[in-house]
Each structure stands twice: as structure tokens, then as C-alpha cells.
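A.B. asks: As they're listed, the protein sequences go chains X and Y. What the first sequence shows, in numbering that gives the first Met the number 0, is residues 0 to 555, in sequence order. What the second sequence shows, in numbering that gives the first Met the number 0, is residues 0 to 99, in sequence order.
Be aware that a few hints might be false.
[What the hints assert, rightly or not] Pair by pair, the computed Cβ-Cβ distance ranges are:
| no. | chain 1 | residue 1 | chain 2 | residue 2 | range |
| --- | --- | --- | --- | --- | --- |
| 1 | Y | Ala37 | X | Thr51 | 53 to 59 angstroms |
| 2 | X | Ala24 | Y | Ala37 | 53 to 59 angstroms |
| 3 | X | Ala24 | Y | Met83 | 42 to 48 angstroms |
| 4 | X | Tyr456 | Y | Ala87 | 35 to 41 angstroms |
| 5 | Y | Met83 | X | Asp244 | 24 to 30 angstroms |
| 6 | X | Gly285 | Y | Ala49 | 44 to 50 angstroms |
| 7 | X | Phe469 | Y | Met65 | 23 to 29 angstroms |
| 8 | X | Val234 | Y | Gly42 | 22 to 28 angstroms |
| 9 | Y | Phe69 | X | Ile129 | 38 to 44 angstroms |
Treat the hints as calculated values from the structure; they're not laboratory data. No experiment lies behind these values; they were computed from the predicted model shown. Note that beta-carbon positions come from the ideal geometry of N, C-alpha and C, so glycine has one too.
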Amino acid sequence: MADHVIHGNYVDFYDEKGPRKGILAWILSTDHKRIGLMYLIALTTFFCIGATIGVLMRLEMLGQGRTIMGPQTYNSLFTLHGLIMIFLFVIPGIPAVFGNFFLPIMLGAKDVAFPRLNLLSWWLYITGGIFAVLSLFLAGGPIDTGWTFYVPYSLRTGTDVSWMILAAFILGFSSILTGLNFITTIHRMRAPGMGWFKMPLFAWSIYATAWIQLIATPIVGITLALVAIERIFGVGLFDPTLGGDPILYQHMFWIYSHPAVYIMILPAMGVVSEIIPTFAHRTIFGYKAIAISSLAIAFVGYFVWGHHMFVSGMSDTSRWIFSLFTFLVAIPSAVKVFNWTATLYKGSIDLKAPLLFVLAFIFVFSIGGLSGLVVGALATDVHLTDTYFVVAHFHFVVFGGTGFIFFAALHYWFPKMFGKLYNDNVAKVAISMITLGFLMLYFTFFILGYQGMPRRYYDYLPQYHWEHVFATVGSWVMISGFIVMFVNLFIAFRKGPRAGMNPWGGMTLEWTVPSPPPMENFEEIPVITHGPYDYHAQQEAEQKQEEFNQSAEDEK
Amino acid sequence: MATDGTHNDSHPHIVNYGTYVLIWLALLALTAATVAVAGINFGGVTLWLAILIASAKATLVLNVFMHIKFDDVVFKVFIAIAIMTLLAVFIFTFADYIFR
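In isolation and in its complexed conformation, chain Y is listed as follows (with noise of 0.2 angstroms):
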């Protein structure tokens, strides 16, 4: 623990260029395919399709051009707290709407 007030990061971790560029590429694929999706008829899937790639792109960015893939494992403790706390709010709201 850091004693004054400086945050000395204990995992030093250098990316080079060339995945930032991968990631960037596999980024707009994963937009290519959600417009693609989007204008095939999937019916109740298409929703769930969409979900899926927009968490996909997030987990890419959270862990590369965020850093956390490298950080120390009580910042993917915090994010996985927020996530799951959103995830049981929507749970709730849309449980009023399912049963009313």
C-alpha cells in the first residue's frame, strides 16, 4: 500500500502498436457484424445477438486499451461488482414488466 499518495503501478506492462491495431480491426468487424445482424430477420434472437457483440466489443476494450488485463485482480473484482450490479437492476425492472 502506498503511503504518499502516489501509485507507484506494481505490473508494469508495455502494448506494442501492432495489437492495438488488431484490436482496433477486430473492433470495427464487430460493428460490421452488428450491422449485418441487424438486417437479418433473426427474429427474438437478433436482440441478444446484438447484446452479444456489443459485450464482446466492451470486453476488448476493458482489457486492452483499458488495461485491465494487466492491472491487479481488485480492479476486475470492482468491475465485475459494477457489472453485476447493473445486470441485477435490470433484472428487477424488467421482472415488474415480465409479471404484470
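Next up, chain X with everything else stripped away, as it sits in the complex (with noise of 0.2 angstroms):
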């Protein structure tokens, strides 16, 4: 920020001086700060595109047949809009982002363990990114298989498969690199007196993250990397026409998937954990009971896979075992719920923009993890299959969990992050204008999947015309507050009145520290004495400086 220079007596780290100038202060630079803004801009960038997409194919199912583009156009758009919101938004979303520039300070550290690895993870990041791109420029054209990749039609189209799929696999590399350094930064970088229960919720739930991603990724690594193998030489490992089956792909494939779908929303539920005890000026309800079940939905949540597969052909046994284990995970994850909504029970809440984000997020979260029962269990499965009413509960979910927390954190950090505030009442119009169009687009998608609309169509019957015409008005809606809460954020990043270092009044580490703060932290690395939430304390020992201001008054 051009207008940061000395603030008293410290040097914010965007003025520090370094050995390098210019872009490559950043590109090169090893800061956790930096790197976690510079995913910062990536992510957004590759937001706003996937956003676009959904928005251009929201436009053609306005009308029936052919409205704005043909099926081929619509085949590729969706691919894409996956492909970029999930391996280039939401897994690496909100660790790659305020994981990087959060979790150091939290923890009372200067930066993560291994901090040229971290620049690494970035840089292969945005090669696959690159790649990525490039795939859509090269012979054959973008890819139309939809995200997931399944054989045997990603084995047949002629499409470009290969490039996309060495991007997804660079892109993994970057996820496990990020994961090994943060369960290594969590293990080692603590401040003295920092014990595993007096971390913040958020380092719990991104050290329960980071193990999935550096379990679960090279799998995914692996079974992408076998299908460009049977694309190049034709092996016959999933091909049934070569002796190959395509259920073990989709079983390799969603050994990986589906945990990333915890790698998701894991850290979504940290940010929460975060945000409303601040903002209900409260200790949170049942820490430890809130740190454990993030271990525990990364455990369960590690055996749920084949719910993907009811209907591919899998074995009976097989289908009601993974149907269990499905329902087992919605246990610790109604665990964290209750414990959330609990700790505002009797809270001082101030319904700042973070709260009202969070506040939506638990409505459409909750919403969207009870329609995951829906299509865990068996008999319903059979029926929505494949149809908007999965796409609903895929959006409930990972958009109104993860999107919604990842704008959540932005404007929760935000202060912190630039040393400025947002306009709050324009910020908390800008998520009405999200929620309202969030639930017009995607709850009537529910609707129109119960009622048999099945998904990846680019046409439809008259049935379901109006429903259509609803949900894309609701993704005008939705997109509108978009562009609010950019305009909003991006106003203040050049205008805003300056933060100070605590705006919201919260309690972990990063609020003792300057905004934004300086290049390495902590002037001094603090001695942890209590745990992250501990508002009884701050408010006894304020009460004891009240009463020993008093008493010094009385005696004068």
C-alpha cells in the first residue's frame, strides 16, 4: 500500500525494506504476509472468472434450447467453472490465504517453519494456474468431461484432458507442500506457554487440513496422473474396452474428493470459531469439544467416499457401509453447530459485517448439510442422482460454507491485513444482497432436482421454465452484492479511515499486534497464559483496574 510509511515507532511490513524492489519485493519474498496476499489476489482473480462463467451459464438456461451458447459451449462452461472454483477457489481458499498470513501470528511466531517452501507452494500454485489457462488455448479446446474427470469418457474425448490434468497435479503438489508446512509450523512454532489447548480454533482446524491434504492429495496425484498414462499409452487400467474398470477410478477419485471437501470447509469452520466469540464478547461454548470433532470430520470424513458411487454400480454392502459412515459425519460437524449457536446464547453481540456473514453461513450451511443426509441415504439417493437437487446441496455447502466464510475472514482480517476499515453498514447491504440471491438461485435448485431437472443439461422441458428464470435473476442478485462488497472493500483499502490495532475488540494474537503489522510480528514472541477465548479474564482483570482506579481516586 503506497501510503503506508512509519506508523510511531514500527515499520509496517509493506514498507519494510528488503534486498529487492518492486514486484519482485513480493514474488520473491519468503514473508508469510505477503504470500498470503498474493494468494489473496490470485484466488480472488480466479473467483471473479469461475463467478463469470456461472453467471454466462445461469444466462443460457434462461430460456429453453439454444439461448446464448450450444451444448458443446455449455459442456466446456461447466467443466470449467469446477475446475477453477474448486482446485483454484476453495481447496487452497482460506489456509492458502489467511493460513498463510494468520496462522504464524496466532500461534506467536515470526513465520511458518519452512518459509522458502511456502514461496514454493505459491509458485506451483500459480504454474498450475498458468497451465490451467493454457489448456484452454491449446488444440482440441477446453475440456468437457465436468471436474470430476471420469472414465471412460475422459479416455475418449478430444478435448485437451492431459494439460488440465497436469495442472490439477502441480496444483496438488503446491496443497501438500502448504499442509506439511503448517502441521510443522503448528508442531514447532508455538509460543511458550501455548499448549494444544489454548490454540486458537482456527490452527485446530487448519492442522486438521493440513493432514488431509498431505494424506489424501498425492492419491488424487496419482489416479490423475494414471488417466493421462491410459490416454497416452492405453494401458487398459479403467478402460472397460481394454479389460479396465471405471469404478475403481471413481473409487480413486473421490478417495481423494471427498476429503477435499473437508479440506474445504474445515477451515471455514475455524474462521467461524473465530468470529463469534469476538463478536459475541463471549468464551467460546465447548472448546475442546469444538477442537476435537475437527479432527474427527477429517477422520469420518476420510470413509465416506463411495456415497459418490451409490448409483455406479458398487456393491450393496459396500453402498450401506459408506451410507453409515456418511451419517456418522454429520455428528461432530452438529457438534460444532450447537456449539457455536450456544456461545452467542447470552452473548454482547455486535452485529458487525463478520457476525451477519457468519450468521448467514450457519442458515445456509446447516440447510445445505442436512440435504447432504437427504442424498447420503440410499433409498433417496436413487432418485436425485444427478439431478440440480445435488447441485443445490454442492453449492449449499461448499459456496455458503466455504465462499461465505471466505468473505467472512476477509472482512473479519481486512483491518488487520491493510490497517484500514470498510464501510460496515454498506458491507452487511452487500450480504443481504448475497444471501437473498445466494437463496433464490440455489434453493429453488432443490426444488427443480426433487422435481427430476437433471444436472449439466443446457436445455430443459416447459416444466421447469419459471424456476429457471427464477434462479437466474437470483444469480443477478447474488452477483450485484458482489460487486458491493468489492467496490466497498476496494474503497477502503484506498480511502478508509486507519484501523487500529483491535477494532473488534478480539482476543487471540494477531489483535495485540500493530495493523497492519510489522515484518516480523512480534517485537518480542509472548508467554501464552491463558487460553485464546478468555474473556472472563480480560473482563475480571479489567473490573480489578476499575476498582484499582477507584480506590487510587478515593485516596486522593
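Two independent chains are provided; combine them into the complex using the hints.
C.D. replies: Here is the structure:
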């Protein structure tokens, strides 16, 4: 930020003079805060591209038959929308941006454990992104397989699948290295006195996520590499005409890609666990239950992948086993939701923009989670598989979950990251528009899906017309909300009033350093003496201070 | 717990070259055993023998070459979790094939 100069007696990390200047001071920086911001720019760009594609798809569905594009273009667009949103936005999402920026500060550390590896992760991410974009312009055209690369179609399509697979492969390495970095940081870099159960819950969620990144991601790397090998050499692993098994591909793909949903949602849950106590001014209810439920979700979530394959020809025994596990994973998820609402109970609630986002999240995520049980049950899934119901469920969980909380986190930590305050009222208007548009768009999908509208079709029967029109109008309302949100944040970034050290009254360590933080975060590494949300201790200390001041005045 | 970002190994250890050479020879011998087993018709046991030999080789590499034997118990737990998870994934995947 150009107007950042020395404030008082410290230099913020934007103005710290390093050995390099200009853009090189950013793209070769190993500072976790700069890397976090570089991820923010890249991710927001990809989000805007993905959202634009989504709006174009909705425009196509405004009328029956061909509206603005043909079926092949539509196939490519829903594939690109999925690939960009999943591999380039929500999977790196919160850990890459806010994990990088805030995890070391929240742990009382000066940086992550392996800063150079962290920079390598960012470069791998950018390289993967470039490969993904390049694949659109190569011979064969943009791929049309859907983001799941299902065989045997992905083996036979004339579009350029191998390049996109290479992109996903490289992005996987970025994810693995970030996970490795965060696990080591959490084990090795916590401030003195910060035991495991004195860690902020965001750190707990990042820890659980990092384990999934580390253990599950290599499997998708291998699987996608096998598809590329099969395409090039015709080995016969997955292609039934060569004796291969397409269901084996689905197993291998979902062994990663279902845990990937938890890579997306767990960090969001961590952010919620930060925002709620701050704006309820209350110690979080059930700290240990929330922390352990993150690990439980990560663990149980690893064994539910088969629920994506109920109608694929899997064995009956496997079907009910995976259905059972799917129902089990709802338990730790519900533990979190109950603890969050219990924290709000009798809290001193300050309804600022980040909390409004969180309340919208709890509403839509609960619908998304419960609709997951509908498709997790074997009998109902047969009816609803491959309909708009699944699309609605997925968007309620991933967009209403991770997407909403990504922007909640941006609003929560914006003053700390940029040292500026945004207009809270405009932010609230934006959130209301986003939520209203979201519900118009995706709740309608539940109804459409229940009525039998299949997903991934560029056309529909006349009886679905008005629902499609309503959903498309919803997409316009939602996008308008996002435009208002981005403009508000941009104005704040350029001209917003200066933010203090702790504008929200937060208790975790990032609120004890200046906004924006200095280069190495802390002048002295703090010593931790109490839990991260100990508002009782703070209130008692304030009360004692008041009593002390009172008695001192009385003595005078 | 280190607070400055550096990890000072609390268990210094030196493995002499003789041990490395011995392990290398053992790995070569086990590789020869794998080849030999593949050439003999043990029926359904062949695959399990190959997996057993491969596991023995992996254990040697992990313990000696990767120094896990000399390190904190937490790293052993991590490796155990990763291996058990992979094992569970195999079991669930192949259970589908068995019951199909």
C-alpha cells in the first residue's frame, strides 16, 4: 500500500525495505504475510472468472433451447466453472490466504516453519493456474468432462484433458507442501505456554485440514497421472474395452475428492469459531469439543467417499457401509453448529459485517448439511442422483460454507491485513444481497432437482421454465451483491479510515500486534498464560483495574 | 518446543558406514528374494510373500536410512497414522470388489 509509512515507532511489513524492489519484493518474498496476500489476489481473480462463467451458464438457462451458447460450449463452461472454483479457489482458499497470513501470528511465531517452501507452494499454485488457463487455448479446445474427469469419457474425448490433468497435478503439490508447512509450524512454532488446548480454534482447523492435504492429495495426483498414462499409452487400467474398471477410477478419484470437501470446509469452520466469540464478546462454548470435532470430521470424512458412487454399480455391502459413515460425519459437524449457537446465547452481540456473514453461513450451511443426509441415504439418493438437488446441496455446503466464510474472513481480518476500516453498513447491504440472491438461485435448484431436472444439461423441458428464470434472476442479485462488496473493500483499501490495533475487541494474538503487522510480527515472542477466548479473565482484569483506579481516586 | 523456528534435534545420533552397508546388502538380498519368489509357483501366496518382503524393505529404509528409529515417538505415530489410513483405504476399496 503506497500510503503506508512509518506509524509511531514501527515499520509495517508493506514498507519494510528488503533486498529487492518493486514486484520482485513480492513474488520472491518468503514473508508469510506477503505470500498470503499474493494468494488473495490470485484466488480472488480466479473466483471472479469462475463466477462470470457461472453467470453465463445461468444466462443460457434463462430460456429453453439455445439461448447464448450451444451444448459443447455449455459442457466446457460447467467443466471450467468446476475446475476453477474447486482447484483454484476453494481448495487452496482459506488456508492459503488466511492460514498463511494469520496462522504464524496466532501462534506467536515470526513466520511459518519453512518460509522458502511456502514461496515454492505459491509458485506451484501459479504454475498450475497458468497450465489450466493454457489448456483452454490448445488444440482440441477447452475440456468437457466435468471437473471429475470421469472415465471412460475422459479417455476418449478429443478435448485437451492431459494438460488440465497436469495442472491439477501441479496444484496438488502446492497443497501438499502447504499442509506439510502448517503441520510443522503448529508442532514447532507455538509461543511458550501455548499448549495444544490454548491454541486458537482456527489453528486447530488448519491442523486437521493440513493432515488431509498431506495424506489424501497424493492419491488424486496418482489417479490423474494414471488417466494421462491411459490416454497416451492405452494401458487398460480404467477403460472397460481394454479390460479396465471405470469404477476403480471413481474410487480413487473420490478417495481424495471427498476429503477435499473437508479441506474446503474445515478452515471455514475455524474462522467461524474465531468470529463468533469476538462479536459475542464471550468465551467460546465447548472449546475442546470444537477442537476435537475438527479432527473427528477429518478422520471420519476420509471414509465416506463411496457415497458419490451409490448408483455407479458398487456392491450393496459397500453402499450401506459408506452410507453409515456419511451419517456419522454429521455428528461432529452438528457438534460445532450447536457450540457456535450456544456461544451466541446470552452473549453481548455486536452485529458487525463478519458476524452477519457467519449467521448467513449457519443458516445456509445447516440446510446444505441436512440435504447431505437426504442424498447420503441410499433410497432417496437413487431418485436424486445427477439432478439439480445435488448441485444445490453442493453449492449450499461449499459456496454457502467455504465461499461465505472466505469473505467473512476477509471482512474480519481486513483491518489487520490492510490497516484500514471499511464501511460496515455497505458491507451489510452487500451480504444481504448475496444471501438473498444465493437463496433465490440455489434453493430453487433443490425444487428443480426434486422435480427431476438433470444436472449438466444445457436445455430443459417446459415445466421447469419459471424456476430457471427465477434462479437466473437470483444469480444477478448475488453478483450485484459481490460487486457492491468488492467496491466497498476497494474504496476502504484506497481511502478508508485507519484501523486501530484491535477494532473488534478480539482476544487472539493477531489483535495484539499493530495493523498492518510489522515484518516479523512481534517485537518479543509473547508468553501465553490463558486460553485464546478468555473473556472472563479479561473482564476480571478490567474490573480489577477499575477498582484499583477507583480506590486510587478515593485515596486522593 | 522450539520457539524460534529452528529445530534442534534432541536425539543426536551417528550411524556408522558399516550399518549402512549392511542394510544395503540386506535390501539387495530381499530384492533377490522378491525375484526368486516371483519365479516359483506359490499360487495365491505369491502376492502376500511379495508384499511381506516389500514391507520388510520399507521398514529397514524408514528405520535406518530415514532415521525414524532414532527420532521422537511423535514421528512414529505420524507414520503409523499414514500407513493405517492407506491400509483402511485399500480395505474399503477392495471390499467393494469382494462383495460385488
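A.B. asks: If a hint holds in the structure, say so; if it doesn't, say that too.
C.D. replies: Now for the hints, and whether the structure bears them out:
no.	hint	result
1	Y:Ala37 x X:Thr51: 53 to 59 angstroms	holds, 56 angstroms
2	X:Ala24 x Y:Ala37: 53 to 59 angstroms	holds, 57 angstroms
3	X:Ala24 x Y:Met83: 42 to 48 angstroms	holds, 45 angstroms
4	X:Tyr456 x Y:Ala87: 35 to 41 angstroms	holds, 37 angstroms
5	Y:Met83 x X:Asp244: 24 to 30 angstroms	holds, 25 angstroms
6	X:Gly285 x Y:Ala49: 44 to 50 angstroms	holds, 49 angstroms
7	X:Phe469 x Y:Met65: 23 to 29 angstroms	violated, 59 angstroms
8	X:Val234 x Y:Gly42: 22 to 28 angstroms	holds, 26 angstroms
9	Y:Phe69 x X:Ile129: 38 to 44 angstroms	holds, 42 angstroms
In this structure, the one hint that does not hold is number 7.
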